[in-house]
Amino acid sequence: MSEGTLYDKVWDRHKVADLPNGQDQLFIGLHLIHEVTSPQPFSELRERGVEVPYPERNVATVDHIVPTRPEGRERPLADDSAEGMLTALERNTTESDIQFYGLDSDKQGITHVVAPELGLTQPGMTVVCGDSHTATHGAFGSIAFGIGTSQVRDVLASQCVAADKAEVRRIEVDGTLGEGVHSKDLILKIIAELGVDGGVGYVYEYGGEAVRDLSMEERLAVCNMSIEGGARAGYINPDETTYEFLRGREFVPEGDAFEERKAYWESVASDDDADYDDVVHLDVDDLEPMVTWGTNPGQAVGVSDPVPAPEDLPEGEREAARTAQEHTGVEPGEPMAGYPIDVAFLGTCTNGRTSDFREAAAVLEGREVHPDVRALAVPGSQTVKSTLEAEGIDDVFRAAGFEWREAGCSMCLAMNDDSLEGDERCASSSNRNYVGRQGSKDGRTVLMSPAMVAAAAVAGEVTDVRGMEVGA
Amino acid sequence: MSDGEGSESPREDGVGVEEMKVRRVAGTGVPVRGDDIDTDQIIPARFLKTTTWEGMDEYAFYDARRDDDGELNDHPFNEYKGANVLVVNDNFGCGSSREHAPRALARWGVEAIVGESFAEIFADNCKSLGIPAATTDPETVADLQDFVEANPEAGVELDVVDRQVTYDGETVDVDIDEAMHGALVQGIWDTVALLRSNMDAIDETAADLPYVESR
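Those protein sequence lines, which keep their order, are chains A and B. Start counting the first sequence at 20; every next residue gets the next number (the numbering used here). Start counting the second sequence at 604; every next residue gets the next number (the numbering used here).
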């Protein structure tokens, strides 16, 4: 078993008790709540007469079901079900004295975007949410993982979960990402290499030169997709990049208190001689922008590489590849570059942060979206939106022909009005290309970085952003 | 049927079922073939817009169960009505953490799942609902799926206590995760009371964390 890793240290600090079923009872430092996985748990607590013991360690926002058209956000929401979920969350958080950033808040947005930008997520914490992309918060050096609805109930009732300790796999990423290659490409490469179930039973510790060089926003995108590799959590050891990002944020202490807190953050980082259960190496010097050709996030290739023929894949992957290619309508042997797209979608908890929109805007500057393409820019939070608007980035998107929307999960999983129609192919900065994921059972999702989404929107087809002159 | 010792059905919404032991599930099988079947396929996101678990059974494998005209096709969930042991392949339940997925399967009638492997959150969710998720090698799974398809009315039994599946007159060993096994056999898969019984230790752990305000 691992020893001396951040995972071991943070786990030990948060372990409350050994449970009779062999699991550990783990204290949760931050529980993030949204409207989809919380109504039933709150109902159950009410029926049992249980009160939330640590309301201040719970924070809620609304993201999955919210309309992203400005005119669609008037209350009551047009969709009765969505209105019901939002109303339930308002009532539940008020009754339990839990902070809620609702539609009327200028801080509303996707849980995994909002918590980091408020400084709620910090190193050395345990973070859970009824959402698999909770792995995102591991970018700060926290243990962060998604939980089911019954566990949401457990956390509300006790501020704890019953959990099994995982093994730790260190993923050492050497080299430097080239021009036009981003952290999204790095994580898609890792998943393609290790497989969509390669991380089952592990948490991933990402390290090495290429990871160290990433900004916090880029690190969040990497950890976000840990779950797509089967790892329930992924993390990056905190360093100066982490501390500088945190300084001055709303929920981060200032002055001497900051230095005290920082001493804790530094103390939980993995020791230089830590033991890992597994170590893998990856070199990204020659990595090119990655795109998916199939219906899971591991079915990805470099944009100019040929799509693999099913018969050339390991035996266990062939049938899935055949089925996937039948769905996506791509031919093996040809690269993904050149396949026409109908929709370009920029946003989500993976790539809906300010830097993502800046990177895409640099590509869009002075260009126009292809006339056959419907293009949506959906900031991950209202803070992201207002920050970009102050910089005039929204004008770049609007001038190019993108719709500029309000914050929410939007077309990542289409629980609001934003959805693929028929067999539309979408260049998407989101995290999942599963069949039906974007709201149409025949829809086709091609995952890629924000810069690549912008390039595809302009070209009207999957294209290598490195071939385009990018504005300064 | 599930052979539990509690007085209430584990299919209810988890209220008042602390003493529910799940020791054995016997009935008939339903095979769903394919690796990496994600929770978006088990229940598409558009059916999550609800504040209760009502109607989830209708949404299990919703898109796969219908043809282009919306008519029911020959998907196993249309064909094997009354079955309660689901037999699946590798990495079942990957993707979204939505507990609606195992809830939908349970409401349809699934009381146990046998497969090659499960995504972790999905397995945890099954445990929370008292649904054993047992794993075995690909050959055994394929054999069991073939058997169920050829003999849809034949009995399939999962013995949770002894970690065995019996079908076609044979008994084979399967794996059930230690924590899941303990929780089901001891009837402590509803963890609210369990976790709250350590309230003093919770407060002590919290007080020792530098980021938790003293209270």
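By construction, these hints were calculated from the structure, which means they are not laboratory data. Keep in mind the model is a prediction, meaning the values are calculated, not measured. Beta carbons: idealized from backbone N, C-alpha and C, even for Gly. Honestly, I wouldn't trust all of these hints.
[Unchecked claim] Pairs of lysine-lysine residues, derived as DSS-like cross-links and limited to a Cα-Cα distance of at most 30 Å, are as follows:
id, chain 1, residue 1, chain 2, residue 2
1, B, 684, A, 126
2, A, 281, A, 460
3, A, 34, A, 208
4, A, 184, B, 684
5, A, 184, A, 460
6, A, 460, A, 208
7, B, 652, A, 208
8, A, 126, A, 281
9, A, 34, A, 281
[Unchecked claim] Footprint (simulated), chain B over chain A, 3 or more residues, beta carbon under 8 Å:
id, stretch
10, 32-38
11, 44-50
12, 136-148
13, 426-434
Against the structure, the hints come out as follows:
1. Among the hinted pairs, residue 684 of chain B with residue 126 of chain A is inconsistent with the structure: their alpha-carbon atoms are about 48 Å apart, more than 30 Å.
2. Straight-line distance between C-alpha atoms of residue 281 of chain A and residue 460 of chain A comes to about 48 Å, which puts the hinted pair past the 30 Å bound.
3. A hinted pair counts as satisfied when its Cα atoms are at most 30 Å apart, and residue 34 of chain A with residue 208 of chain A does not qualify at roughly 34 Å.
4. For the given pair, residue 184 of chain A sits about 38 Å from residue 684 of chain B by alpha-carbon distance, which is inconsistent with the 30 Å threshold.
5. Distance check on the hinted pair: residue 184 of chain A and residue 460 of chain A sit about 36 Å apart at the alpha-carbon level, beyond 30 Å; violated.
6. A hinted pair counts as satisfied when its Cα atoms are at most 30 Å apart, and residue 460 of chain A with residue 208 of chain A qualifies at roughly 26 Å.
7. In summary, the hint linking residue 652 of chain B to residue 208 of chain A is not supported, as the alpha carbons are separated by about 34 Å, beyond the 30 Å threshold.
8. For the suggested pair residue 126 of chain A and residue 281 of chain A, the alpha carbons sit about 25 Å apart, so the restraint of at most 30 Å is met.
9. Between residue 34 of chain A and residue 281 of chain A, the direct Cα distance comes to roughly 21 Å. Compliance with the 30 Å bound is thereby established for this hinted pair.
10. Proximity of the stretch 32-38 of chain A to chain B, defined as three or more residues with a beta carbon under 8 Å from a beta carbon of that chain, is established by the 6 residues found.
11. With 3 residues bearing a CB less than 8 Å from a CB of chain B, the stretch 44-50 of chain A meets the requirement of three and the coverage assertion stands.
12. Chain B is given as covering the stretch 136-148 of chain A, and this holds because 3 residues of the stretch bring a CB closer than 8 Å to a CB of that chain, at least three being needed.
13. Residues of the stretch 426-434 of chain A lying with their CB closer than 8 Å to a CB of chain B number 3, which satisfies the three-residue condition for coverage.
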